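Required output: the full structure, derived from the provided sequences and hints.
Quick note, the sequences are listed as chains V, S and B, same order. For the first sequence, our numbering begins at 132 and goes up steadily by one. For the second sequence, our numbering begins at 484 and goes up steadily by one. For the third sequence, our numbering begins at 130 and goes up steadily by one.
No lab work stands behind these hints: they were computed from the structure. Hints may contain errors.
Said to hold, decoys possible - Partial selection, computed: residues in chain V whose CB lies under 7 Å from chain S:
(1) His218
(2) Arg239
(3) Leu406
(4) Val407
Claimed, not checked - Computed list of lysine-lysine pairs in DSS-like fashion (alpha-carbon distance at most 25 Å, straight line):
(5) Lys256(B) <-> Lys489(S)
(6) Lys264(B) <-> Lys489(S)
(7) Lys489(S) <-> Lys277(B)
As the list claims (entries may be wrong) - Computed, partial: chain S to chain V, Cβ under 10 Å:
(8) Gly523
(9) Leu609
(10) Gly612
(11) Ala797
(12) Ile798
From a predicted model like this one, the values you see are computed outputs, not experimental measurements. Quick reminder that beta carbons are idealized off the backbone N, C-alpha and C, glycines included.
So the chains spell out like this:
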Amino acid sequence: MDVLQLAISGLANGCVYGLIALGFVLIYKATEAVNFAQGDFMMLGAFITLGLTNAEFMGLPFWISVPIAIAIMGVFGYLLDMFVLRHMFGQSQIAVVMLTIALGFVLRFVAGTIWGHEPKSLESPIAGLDVRFGGLVLGLDEVSVIVVTVLLTVVLYVFFNRTKLGVAMQAASQNQLAAYYMGIPVKRVHSMIWALAGAVAAIAGVLFASKGSIDPSTGLLGIKAFAAAVIGGFGSLPGALLGGIIVGLIEPFASYYIAAGYSQIMPYLLLFLILVFRPHGILAQIHRKKV
Amino acid sequence: MRTVFKTSYDADINLFRHGQQAAWYVALLVLAVALPFLLGTFWLGEMTNVLIWAIAGMGLMVLVGQTGQASLGHAAFLAIGCYANVLLQDPVGLPFILSFPLAGLIAGVAGTLIAMPMSRLHGIYLGIGTLALAILTDDLIVIAEPITNGVVGLIPPTITIFGIDIDRYMTPDRFYWLVLVVAIAVILIYRNLLRTPLGRSFSAVRDSEVSARAMGVNVARTKAVSFGISTAITGLAGALMGHFAGVFNNETFNLIISIQLLLMIVIGGLGTIHGAFFGAFVVALLPQAIAISRDIVGALLGGGTVAIPGLESAIFGALLILFILFEPMGIYGRWFKIRTYFELFPFYRRDMFRRQKSYLKTERMR
Amino acid sequence: MSALLEIDNVTLRFGGVTAVNEVSFSVEEGEVFALVGPNGAGKSTLFNLISRFYDPVEGDIRFAGESILSRQPHEIASLGIARTFQNIELFEHASVLQNLLVGRHRHRRGNLVTELLFTPFVRREEKRHRDAVEKVIDFLDLQAYREKTIAGLPYGVRKVVEMGRALAIEPRLLLLDEPASGLSVEETQDVAFWIEDIKKEMGITVLMVEHDMHLVSSVSDRVLALADGKMLALGTAHEVQNHPKVIEAYIGVSDVNEKVVA
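Now the structure itself:
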């Protein structure tokens with residue numbers, strides 16, 4: 132039973148990492164920008180939900196504040212692209228990385244100023260409850276994280292393959308110039324992608340906050356999620372989820388079977404090995420520059 | 484405007500373009516040497532800090548600015564240099580004059596070894612690889628507690644060079660001069676790098692790996708050498724940082740320091756020695772600037788002064804965002820424009836330095 | 130005359146596409162050899178094979194009698210093979226002078242330590258490289274652009290700089306990938322004169338890919354036409370232009386009596 136319990140909690144953590152990683156990959160695939168602030172997006176989404184829900188702030192019902200938070204983060208992502216990142220067109224990738232790292236600093240400060248620096252818990256209806264499957268007792272929070280992640284994956288899959296906007300996004304990410312010639316408003320599509328990444332981050336934030344407390348530095352989790360994205364194969368959406376789940380599973384098992392101090396190291400050690408032996412991740416998509 | 488009439492190839496090879504430029508830098512050097520007589524202990528300490536950051540910045544600049552390889556984990560090499568220097572002095576018993584260059588060498592070798600498997604990685608993959616390295620180093624210091632004393636940390640001994648004691652607190656002026664000597668040595672090495680085939684092969688790798696290869700540049704080896712030089716300089720800075728801090732542990736060289744170092748050279752201006760120094764001034768003096776302005780605001784409002792957590796990095800981050808958006812060449816770029824304005828007065832044109840807008844520069848297909 | 134470069138039955142496939150299909154030819158020492166053919170014929174791919182960016186599936190490539198297939202890409206320049214690129218691959222953020230000096234990399238004799246200390250030997254070396262580069266600058270009339278950064282230069286100048294950078298290598302064989310594409314008529318004429326001089330005065334063998342048949346027929350000794358990775362015809366420019374297979378490849382029908390005026 133122990134192993135199963137570990138696996139479930141690892142899986143739940145992994146899903147959150149996977150969702151953040153998904154945000155990285157969404158943006159990277161479409162715009163080639165790497166959003167290092169994706170973890171801080173998640174933190175911000177969690178805090179906005181918390182600010183709307185918790186009694187000490189606005190005290191709205193949970194099920195109303197969640198969609199509002201998702202919408203706010205979506206708009207935030209859209210505006211961020213429109214006013215900041217669009218002007219980065221043509222600058223090197225690393226400049227965008229620096230920009231988003233700096234943005235993370237600013238977001239952490241803003242969140243800390245509004246909601247304080249101490250850990251806070253989201254008053255969520257799914258926190259602290261149990262579900263029973265036969266003899267197995269599982270936290271409702273963990274189960275819902277997994278279920279929501281699966282549902283979201285299905286929704287995203289349908290979105291990208293069945294809707295006009297989703298297909299336009301795919302086209303724009305595969306060949307910008309061609310998409311532009313075909314009449315796809317590439318710039319607007321980019322902003323939509325950022326909005327989508329913001330919304331996904333908000334969902335990840337709500338799920339994460341339901342499992343435990345959050346504080347502004349929670350955003351640094353993004354680094355681990357980023358490692359997950361690379362492990363899975365940067366540029367592949369299923370890879371991002373896979374990487375997230377691998378990292379999520381490795382951590383509890385490493386601390387259980389090796390020693391507590393090593394659970395921190397394992398994801399990065401794995402990342403290192405992956406980079407050395409399979410530099411483009413498990414589900415790699417390799418291109419070569421033509422000369 | 485000054486026109487330099489060149490009469491030999493030496494004019495392009497020498498360190499200074501003309502006599503007047505040399506005179507300016509000599510004046511700056513005299514000022515730097517005389518600084519301990521002009522400043523109080525506190526500000527001298529701050530200036531020492533600026534110099535140490537500038538050395539670390541130059542180290543990273545070799546890699547990022549010259550070779551175009553981003554490292555998000557250079558704090559790892561600060562740590563390696565720092566621990567190597569102190570451990571070589573204390574349990575091993577070497578004098579500082581040996582442990583210090585050895586610390587640089589060890590950091591350099593470590594960097595080269597790490598670069599070898601990673602030389603295939605590009606842009607963001609290299610960034611995340613080095614990031615992982617910084618996190619691993621942090622954890623390894625804790626795990627290697629018997630040697631590193633874990634989270635408790637180590638206290639560096641007083642430096643003795645030929646019987647002269649140099650200590651950060653007892654003799655801040657001597658410590659400052661020591662740092663200054665190292666900084667000047669690093670500047671000279673950096674300048675030499677820029678004017679030799681080695682430095683040119685670095686920029687060749689930065690601008691086009693394909694054509695660097697066609698020119699006979701061994702790209703993997705060049706990257707490894709660049710990593711080695713960069714991390715050796717960074718290691719030296721780390722050793723000085725340890726002596727400056729007075730006590731250090733794994734937290735002294737955490738991930739934030741890595742990122743701060745990178746942000747610093749971007750703010751200063753990528754690819755130039757000036758940039759490393761400008762950036763170092765911002766990083767090292769920003770906390771003081773915030774403290775002073777807080778005191779002023781507090782005095783004006785008549786209230787007490789409250790420390791705002793995270794304000795420092797937020798201001799730093801905001802500064803960086805503004806620079807990337809409006810002045811991607813950093814403080815050096817702005818300074819260069821202002822200088823050009825006065826040199827060309829009144830013929831300066833606004834769009835003289837206008838950036839060429841290009842379509843998305845793809846880095847996916849390398 | 131002896132064969133300087135031998136392409137021996139070379140085949141290269143990308144996935145299911147055969148980019149180069151059993152191609153064999155040899156370039157004689159001292160000649161100008163041109164590769165022509167429609168887009169996607171495998172001309173640039175051949176260059177990339179010689180540069181060792183790709184490994185052929187079959188066949189051998191020999192330079193001065195020795196196979197180069199065991200060489201790393203960066204060793205090709207030191208054998209004496211220089212090249213330019215179809216889409217210009219210069220070092221954007223460096224000056225023209227710096228770009229040409231990178232071309233001297235194969236002649237580097239200093240090492241890490243001497244260079245970082247900038248010993249008198251390194252200074253003498255620098256002057257030697259500079260001398261060699263100045264000769265190229267004089268040859269290609271690049272004096273006005275010496276200190277200029279590549280990023281701000283017009284297209285035509287960049288093309289010339291790239292040729293200069295390849296010449297700075299002091300090669301035995303020069304690969305020119307579309308040296309005249311995008312150039313004006315006058316600029317193309319300059320290129321033709323330069324290629325003549327490169328062959329006659331410098332004694333460098335030239336292998337080039339070019340679409341401009343005027344340029345090809347005015348400078349090249351022999352021409353090889355390719356289509357879909359296969360060899361169509363080999364001979365003088367006149368012979369190749371009138372070869373029925375070549376006409377078919379360009380126009381699409383075999384029994385046309387008109388001459389191709391490309």
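- prompt: Holds or violated: leucine 609(S) as interface residue toward chain V, Cβ cutoff 10 Å?
  reply: 9 Å, holds
- prompt: Should the hint that leucine 406(V) touches chain S count as held when the rule is a Cβ pair under 7 Å?
  reply: 5 Å, holds
message: Does the closest beta carbon of chain S sit nearer than 7 Å to the beta carbon of valine 407(V)?
response: Valine 407(V) check passes; min Cβ-Cβ to chain S is 4 Å, inside 7 Å.
- prompt: Under the criterion of a CB-CB separation shorter than 10 Å, is isoleucine 798(S) in contact with chain V as hinted?
  reply: 9 Å, holds
- prompt: Taking 25 Å as the top limit, are the C-alpha atoms of lysine 489(S) and lysine 277(B) close enough?
  reply: Within the cut-off at roughly 16 Å; holds.
message: Does the closest beta carbon of chain S sit nearer than 7 Å to the beta carbon of histidine 218(V)?
response: Holds - the Cβ of histidine 218(V) comes within 7 Å of chain S, reaching about 6 Å at its closest.
task: Given the hint that lysine 264(B) pairs with lysine 489(S), test it: the Cα-Cα distance must not exceed 25 Å.
output: Holds, at roughly 17 Å.
- request: Double-check glycine 523(S) for me: the hint is only fine if its C-beta lies closer than 10 Å to a C-beta in chain V.
  value: At 32 Å from the nearest chain V Cβ, glycine 523(S) fails the 10 Å test, so the hint is violated.
query: Should the hint that alanine 797(S) touches chain V count as held when the rule is a Cβ pair under 10 Å?
result: With Cβ-Cβ at 3 Å, under 10 Å, it holds.
message: Under 10 Å is the threshold here; is the Cβ of glycine 612(S) close enough to any Cβ of chain V for the hint to stand?
response: Where the cut-off is 10 Å and the nearest Cβ of chain V is about 5 Å from glycine 612(S), the hint holds.
- prompt: Holds or violated: lysine 256(B) with lysine 489(S), Cα cutoff 25 Å?
  reply: Given pair lysine 256(B), lysine 489(S) holds - Cα atoms ~14 Å apart, limit 25 Å.
message: A closest beta-carbon separation below 7 Å is what the hint needs, so does arginine 239(V) meet it against chain S?
response: 6 Å, holds
Comparing the model with each earlier hint shows a violation of hint 8 alone; every other hint is respected.
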